Amino acid sequence: MSERKTIDFFINGEPAVAYDGETVIQAARRAGVDIPHFCWHPELSVPGNCRICMVEVEQEKGDPWFDIGCNMPVTAGMRVLTESETVKKLRRDTMQFITLNHPVDCGICSKSGECTLQDYHYEHNGRPSLSIDRKNHATKFYPLSDRIMLDNERCIMCTRCVRFTHEVSQSKALAAVHRGDQALIRPAEDANFNTDAYSDNVIDICPVGALLSRKDLSNARVWYTESTPSVCPGCARGCTIDIWHRKASWKFTALDPQLNTRIERVTPRETPEVNGPWICNKARDLSALLERPRAMEALVAGRPVPTPEAVVQAAALLAGAQRPLVLVSSWASNEELAAFQSAFGERLGRSLTAVVKADHQPQPGEVEEDAILIVADKNPNTRGAMALFPAWDGTIPPATDLVVVWGEGGMAAALPAGLPVIRMSGYAASDNAEAAVFLPLSIQIERDGSYTNIDGVVNSFRGYLTKAPAVLHAIDLFPSLAAAQPPVLTGRAS
Amino acid sequence: MTLPAQVGTGRKFFMNFPVTADSHTLAAYRGRGGYQALAKVLSTGMAPTDVTKEVTASGILGHGGAAFPAGRKWGVVKLDDGEPHYVCMNADEGEPGTFKDRWLLEHVPHMCLEGLILASYALKGRHAFIYIRGEFDLPWRRMRDAIEEAYAAGLLGENIQGSGFSLDVVLYRGAGSYVCGEASAMLASLEGKKGWPRNRPPRLTVKGLYQRPTVVNNVETLANVPIIIAEGAEAFRKVGTAKSPGTQMISISGHIARPGVYEVEYGYSWERFLYEDCGGMQGGKALKCVIPGGVSTKILSAEELKGVTLDHNSALAAGSQVGSGGMIAIAEGTCMVRLARVIQRFYHHESCGQCTPCREGMGWMERVLDRIVRGQGRPEDIDRLYHISTANDGTTICSLGDSAGYAVTAILDHYREEFEYYIANGRSMHDGTLTVTDPFAESLARWHAAHPGALSPTLAAGAH
Amino acid sequence: MSRIAHLIPEFEQWKTRYPAGFEGSLTIPCLQRIQQERGYITDADIDDLVAYLGVPRTQVDEVLGFYTMFTRKPIGRHHLQVCHNVSCSLRGAEGLVAHLCLRLGIGPGETTPDGRFTLSTVECLASCGTAPMMMVNEAFHENLTPASVDALLEALP
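Line by line, the protein sequences are chains A, B and C.
Heads up, the first sequence is in this note's numbering, so the first residue is 1 and it goes up one at a time.
Heads up, the second sequence is in this note's numbering, so the first residue is 495 and it goes up one at a time.
Heads up, the third sequence is in this note's numbering, so the first residue is 959 and it goes up one at a time.
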């Protein structure tokens, strides 16, 4: 750890250590003591408005004092109590206020099941409202942006969303307008929240169901789904994510089976040295990237064939080529790359050249790069691939007699006409039928693996889908592809 | 400027000259000895710390309501930290019942300004601010003119009177918000933002305006500074009491016969002030209770006022505070339930909305009181009001929430039976009117005749 | 910069009194000056002001929503703002409002059809000793009686 000065104090009678400058809530968190909080967030400024993090501080002489723990600097010898009777009462009172005007929407609210307010209600209050008066009404279904829906009645004015846009995404797109219990979250009137590439993070950090994804609204109750850790392949930042999908135990038996396998939503998985707790909207829209039409069959000269037959054909082509060029996928996992290198080890650098291509380029309308997370290289494992092979300069050496295109990109238009091509990729494309042999490959969510991001950090992903039988895992394919012996030279002219 | 002899209700620092059409001008102020304090400091090369020492020695307590020792607040600022320091005059007088700062701004703007200049000198400030509420038109114009006169006379700007001390003053108008009278909200407003108060730490004297050390003082507090400097702390302390030195500008209104601004020497008998100097109650009625220092202070009944003197310790001992000096006299027969409803409407309207207990609690209290006043009260409503008030006590970012709680619970503590009656019977124990003498009685009666069943022209159909 | 361009020299003058880096502070005074001239703030004014001061748009939106003295739409020529807080209520504010309602035929929050008067009830204006009273645009009118109110309404253009 660093050389920061430490302070000794006590939480609930137990000794604890804080760094100089830390607040009670920060030090408590590291000590494993969870002080409830709505408005506090470790990555954002401290507004101290929800008041649920009130703690008790014992005095040597006199009565204890009470204040919010999120703005309370730790002092030496301080004796903090987080579970005293008074603190519990303060939390109950705060929960009474928080739920005073909050609509009982749980039955129709998408946040239900992962809602901090729900959890705290049961944990810290659990009693009916003391009010018999009507609740305030406000806008429901307010379109905060094309992507995000705002329900002002559910909002508890914690201002996490406002602070996020001012401090993290820098779009400064959200504001808290009006006063008192008429105050509302609203977008800046020049409506630039649509252009905030990080807008959907406010959905995660909203502690209630006030901010919801419009496209994911009412897709599935959160308890019907589970998440699998993954890495976003949208760019070389490699943000770690959770991909949510339906639990097997809750699978539909009579509806479209795709509902059981589709991506329900994507949320950030916190990795301090990569993306912190944030991801950009491209990650949110991963279903658009990963669930494109798949290549489901092997093809030989455009004709569907059983996969083993295509593999044999491809292996023969490779064995017979004098100077094959492999355009290595920058979407390949480290494990696939290692398998490739191992399988073709003998020929690499001698009769077989492998270079790394950029499978994807930035698309029009996409943010190319910024100072936050987004990187210009739209491929997740360029660095992993470049650790083994050099970059492709875009040209085909004149002596090349076979091109193997691994992954997307390497479009036929860029290759000399008449050159035989073996293509292997997960996705359907018109070029697939033009290839001499086409082999369908599995995609990221069908296997385990890892990518190395732009800074050299290795992040792992897990698969949660079973690939179709006709589809190949590259790791299994490569030994077969490399195993074929070159044809024995006969006297005949070729 | 010498301390005048006893006149009327004790010795006076401010109300000691006849108010005329130009008694507020620079020439008139100078004629009364104005700016001698500033000249004394600049010409004798008095050190900034010595100015603060004098103010501390005077024992003067802040006149904005919190009664914090002014010298102690100044003393916290580290003069040689290399940071800009700002002094801000809080002229956002919004506490209901209070209009004494208005008198000072309209009639002795130069005295307030001289105090601000002296404070800036003591705190090594290069810029000072006067935050004046947006509704104050005449006070704003008078202060604006005073500032221009001061610049023209070399009392502001670069190198004041050849001393090397320079000061620019910004006169900043508010735009309609009671909570901007809270110091941190005021500074947020001065930064051109909405007036949301801030949690402490850090204190404003460490990180205030634009995160720089800032001292916020009430108008009256600053207006006292020229006297303290010109005459010295000891002479100042000869006026008032040991713990409450000096005078208090009192604004009195309500059912009193002679409402207005009075300057009262601390230690003066409260009853004497009400019944003699202010002429007692309208229509010869008995006094029911008094709101001592703005609606954020707890009411004191006529009984509780017996023997109480106008000073901080005495008021505290009686269970209330001097507060902002905004005294409201309430006559026998006034419906305290309706009064509580008016007070709570105010707090609800002014809540900034930031923190949970106040944002939700103010509206809740208003709804409960509104229901009671409309004859739909329930027995548990009284406990609710106590609950909401207690839950706002010490749990909020600023004291708006606490104050609403104190105001309502003090009324409940004193006049619970009126609430119980209203709840049980669906109407006021008294006739429901809030006036003793109403110049518009006839119009009100006609309005009620035209709107049978309606409660009041000032209440919308149900609390908003 | 079309609609507020003529005010910029004034704004630039104000800046000279403020410390460096205080441009954001000008948000409120500039809005007040714009409203003083036009009577209300338009969306175009906000765009121009944001461009001139370089403050985030949200800051202006929040200011306009928070403070009671700003208006985004035109109101009556004479804004009658009657205090109905404690002291004024104790001395006849209710009756004053009743009187105005009967005279003008509108309720609080409304404007007369001819656009001459808007009636509002407001909180304490620090005029408690001269209650009942009201503020008409910028001017205080105190110690009101039915006669003085009627005379005032008559005299206002």
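No lab work stands behind these hints, which were simulated from the structure alone.
Please read these numbers as outputs of a predicted model, since none were measured by experiment.
For glycine and all other residues, C-beta sits at the position ideal for the given N, C-alpha and C.
Check the hints yourself; a few may be wrong.
[What the hints assert, rightly or not] No more than 27 Å apart at the CA atoms, straight line, and that leaves these computed lysine-lysine pairs for DSS-like: (1) A/K251 to A/K467; (2) B/K800 to B/K701; (3) A/K61 to B/K737; (4) B/K572 to A/K5; (5) B/K701 to B/K732; (6) A/K172 to C/K973; (7) A/K89 to A/K140; (8) A/K61 to A/K89; (9) B/K547 to B/K732; (10) C/K973 to A/K215; (11) B/K572 to B/K732; (12) C/K973 to B/K701; (13) B/K732 to B/K779; (14) A/K140 to A/K215; (15) B/K618 to B/K572; (16) A/K140 to C/K1031; (17) B/K800 to A/K5; (18) A/K172 to B/K701; (19) B/K534 to B/K572; (20) B/K800 to B/K779; (21) C/K973 to B/K618; (22) B/K701 to B/K547; (23) A/K215 to A/K251; (24) A/K215 to A/K247; (25) A/K88 to A/K61; (26) A/K135 to A/K172; (27) A/K140 to A/K88.
[Stated by the list, open to error] Simulated coverage check for chain A against chain B, where a stretch passes if three residues somewhere in it have a Cβ under 8 Å from a Cβ of chain B: (28) 37–50; (29) 64–74; (30) 94–108; (31) 126–140; (32) 175–181.
[To be verified] Selected chain C positions facing chain A (Cβ under 8 Å, derived; list incomplete): (33) P1014; (34) R1015; (35) T1016; (36) E1020; (37) G1023; (38) F1024; (39) E1100.
The hints, checked one at a time:
This hinted pair checks out: A/K251 and A/K467 have alpha carbons roughly 18 Å apart, not beyond 27 Å. Annotation: proposed proximity of B/K800 to B/K701 is violated, straight-line Cα distance about 44 Å (limit 27 Å). Taken as a hint, the A/K61 and B/K737 pair is honoured in the structure, with Cα atoms around 26 Å apart against an allowance of 27 Å. The hinted pair formed by B/K572 and A/K5 meets the criterion: a straight-line CA distance of about 24 Å does not exceed 27 Å.
Proposed proximity of B/K701 and B/K732 is contradicted: the alpha carbons are some 36 Å apart, above 27 Å. Among the hinted pairs, A/K172 with C/K973 is consistent with the structure: their alpha-carbon atoms are about 25 Å apart, no more than 27 Å. About 32 Å separates the Cα atoms of A/K89 and A/K140, which puts this hinted pair outside 27 Å; it is violated. For the given pair, A/K61 sits about 23 Å from A/K89 by alpha-carbon distance, which is consistent with the 27 Å threshold.
The suggested pairing of B/K547 with B/K732 holds, with an alpha-carbon distance near 17 Å, which does not exceed 27 Å. Proposed proximity of C/K973 and A/K215 is contradicted: the alpha carbons are some 47 Å apart, above 27 Å. Restraint check for B/K572 and B/K732: the C-alpha separation of about 31 Å exceeds 27 Å, so the hint is violated. For the hint linking C/K973 to B/K701, the alpha-carbon distance of about 23 Å falls within 27 Å, and the restraint holds.
In summary, the hint linking B/K732 to B/K779 is not supported, as the alpha carbons are separated by about 37 Å, beyond the 27 Å threshold. Only pairs whose Cα atoms come within 27 Å are accepted, and A/K140 paired with A/K215 is accepted, the gap being roughly 16 Å. Between B/K618 and B/K572, the direct Cα distance comes to roughly 10 Å. Compliance with the 27 Å bound is thereby established for this hinted pair. Pair hint A/K140 plus C/K1031 holds up; C-alpha atoms about 25 Å apart against a cutoff of 27 Å.
With a C-alpha separation of about 58 Å, the suggested pairing of B/K800 with A/K5 is violated against the 27 Å cut-off. Using a Cα cut-off of 27 Å, the hinted pair A/K172 and B/K701 holds, with the two alpha carbons roughly 24 Å apart. A hinted pair counts as satisfied when its Cα atoms are at most 27 Å apart, and B/K534 with B/K572 qualifies at roughly 24 Å. Proposed proximity of B/K800 and B/K779 is supported: the alpha carbons are some 17 Å apart, at most 27 Å.
Among the hinted pairs, C/K973 with B/K618 is consistent with the structure: their alpha-carbon atoms are about 21 Å apart, no more than 27 Å. Of the supplied pair hints, the one linking B/K701 and B/K547 holds, its CA atoms being roughly 23 Å apart against a limit of 27 Å. For a cut-off of 27 Å, the pair hint linking A/K215 to A/K251 stands: about 21 Å separates their Cα positions. Restraint check for A/K215 and A/K247: the C-alpha separation of about 20 Å stays at or below 27 Å, so the hint holds.
A distance of roughly 23 Å separates the Cα atoms of A/K88 and A/K61; the hinted pair therefore holds under the 27 Å criterion. For a cut-off of 27 Å, the pair hint linking A/K135 to A/K172 is broken: about 31 Å separates their Cα positions. At roughly 32 Å between alpha-carbon atoms, A/K140 and A/K88 are farther apart than 27 Å, so this suggested pair is violated. Evaluation of the coverage hint for the region 37–50 of chain A: fulfilled, as 5 residues show C-beta separations to chain B shorter than 8 Å, against a requirement of three.
With 4 residues carrying a beta carbon less than 8 Å from a beta carbon of chain B, the region 64–74 of chain A meets the three-residue requirement, and the given coverage holds. Figure legend: the region 94–108 of chain A, annotated as covered by chain B; annotation consistent (6 residues with Cβ-Cβ distances under 8 Å, at least 3 required). Coverage of the region 126–140 of chain A by chain B holds. Counting CB-CB distances below 8 Å, 6 residues qualify, and the rule asks for three or more. Judged by the Cβ-Cβ criterion of 8 Å, the region 175–181 of chain A is covered by chain B as claimed, because 5 of its residues qualify and three suffice.
For C/P1014, the interface hint holds, the least distance from its beta-carbon to any beta-carbon of chain A being 4 Å, beneath 8 Å. With its C-beta approaching chain A no nearer than about 4 Å, C/R1015 sits inside the 8 Å limit, and its interface hint holds. The interface hint given for C/T1016 holds, since its Cβ lies 4 Å from the closest Cβ of chain A, which is under the 8 Å cut-off. A hinted interface residue such as C/E1020 counts as satisfied when its beta carbon comes closer than 8 Å to some beta carbon of chain A; here the least separation is about 5 Å, so the hint holds.
Taking 8 Å as the C-beta cut-off, the interface hint given for C/G1023 holds, the closest approach to chain A being about 3 Å. Here the hint on C/F1024 is kept, as its CB sits about 5 Å from the closest CB of chain A, short of 8 Å. At a threshold of 8 Å, the smallest CB-CB gap from C/E1100 to chain A is about 27 Å, leaving the interface hint violated.
The structure does not agree with the numbered hints 2, 5, 7, 10, 11, 13, 17, 26, 27 and 39 stated previously, though it agrees with the rest.
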